[in-house]
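J.: Sequence:
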Amino acid sequence: MATSGSSTSSSFLSRNGSSPDSTPCTSQAPVAAATPRKRRPHRIYRPAKNSLYDILHQHSGTSLFVRPICWTDQHARLLGARWEELPPCDTPQPVVSPGTPPSRGHLSPSNTIITLSNALTQILLPDSMHPILSSNAVKTVLMTLWPEAFSKPHYLPELHLCFGGRVYRDAVRAQMMWNFPSEEYKSSYSSFKSVSTRPAESFNISTQSSPTHSSANLPMICYIGKSQLASVRSNLFRVASGPGRSWNEPVYRLQQLRARFLVPSNSDHDAHFVGIFLGMAQKYFYPSPPMTGRRDSRLSPGQGIPPCPNFRDLKLRILTHDTDTSEFIVYTGYVTKDFLEKFHDPFKAPPDDDDAEVTGIKIEYTRVPIWPILGLRERLGKALGQDVVGAFNPDEIETWEKDPEKQSGGKRKREVLSEVINSSFEDDSDDEPNLVSKKRCLSEGTPVGVVM
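Per full-length UniProt numbering, residue 1 is the first one in the sequence shown, and the count goes up by one each step.
Rather than coming from a laboratory, the hints here were simulated on the basis of the structure.
Watch out, some of these pointers could steer you wrong.
Said to hold, decoys possible - Simulated restraints, written as ranges between beta carbons of each label pair:
1) Y334 / D127: 30 to 38 angstroms
2) L56 / Q303: 16 to 24 angstroms
3) S117 / L156: 25 to 33 angstroms
4) P372 / P307: 49 to 57 angstroms
5) Q58 / N266: 49 to 57 angstroms
6) V232 / G304: 49 to 57 angstroms
7) S117 / Y334: 28 to 36 angstroms
Beta carbons: idealized from backbone N, C-alpha and C, even for Gly.
Build the full structure now, drawing on both the sequences and the hints.
T.: See the structure below:
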């Protein structure tokens, strides 16, 4: 047995090129060493030139991926925002010749003129008001001028932003928003021009072609005051308490310095308006995200970026006002299909996109003098456009010498009841805050304090 085992070991070792004298005999065959498993390298996607990811890579040392309230002039420039100031809409205005007797509206102003005067005065108060109070004043003015178009405001809207397969909840805020009226409201004034859009349905964003759809119940115009924007920015960063819950002056000064960096060099070219236009436009094509505890979630259950919706060019508005010059400012944003596609897939850029301005967003704005009240409806209507306010004669001044006639009690009650019932079933309607009723009670009686 020993000889047999020795000869077997010798023959095995000789086949492996080893001498029996140099290698000890073993009863077990040697085990080959396990080779490490090669890991498949991650595929690196190179973003297209001038895509959003390419822009982020080029400015990797700058904090660009932030919410629009923190956007600066650099964001607007990199996104290709083009600002163009149009001539002011300062006509028509009443012509007063020497020796002309005062009009009836001056001698005995109607309730409509008094309501407009009080609301406009409240808008132009130099001290910053509570945003609900200023929003109510703007709502009163617009509902008085065009009751059909501005009958259903949404208070404190919070718009979502979609970027690269993810949706970021409540990323953009404004004070008020109005949607395009529904079909029953459009039937009352047939001059509305619908914007061609195709909103996505559910999480499976459709890519099939479809006929032109109405823009009813989709964003039309937002309002936000310049003073409100300045107030939000100045209080944006939290100041942590010092030792023993003391006031932390160094951190306070640091946060104030950070807030000053967010102030636009030209208050008329505020980068936050770019974010509002983007949030309004994306609402046409993306569904509302589910309610979760996270501020961001996936657009669709699957991994990666979902198919691209059928984007279309949109024309949207933002209304603000300048307290120093007593003017409304109407912004008209032309949001292009290419601009929306760059946010849907940040790896891609439109063909021949050598300049960001080519596929950026164009924003026109015009100033509208608030005073005098006579002619304000026509001046503001020309700035907003008839696709928003409906058909009107821009050269015929509304005098409001007589208040609108009220309908009979029974018919009026039925209309109000039906309106309340219909609005209760609307998913997107926002209830007016409780503070509104308090302010309305004050305005009915003798003016008190800041209400005037």
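J.: Compare the structure with the hints numbered earlier in the document and write down the numbers of the violated ones, lowest to highest.
T.: 5, 6
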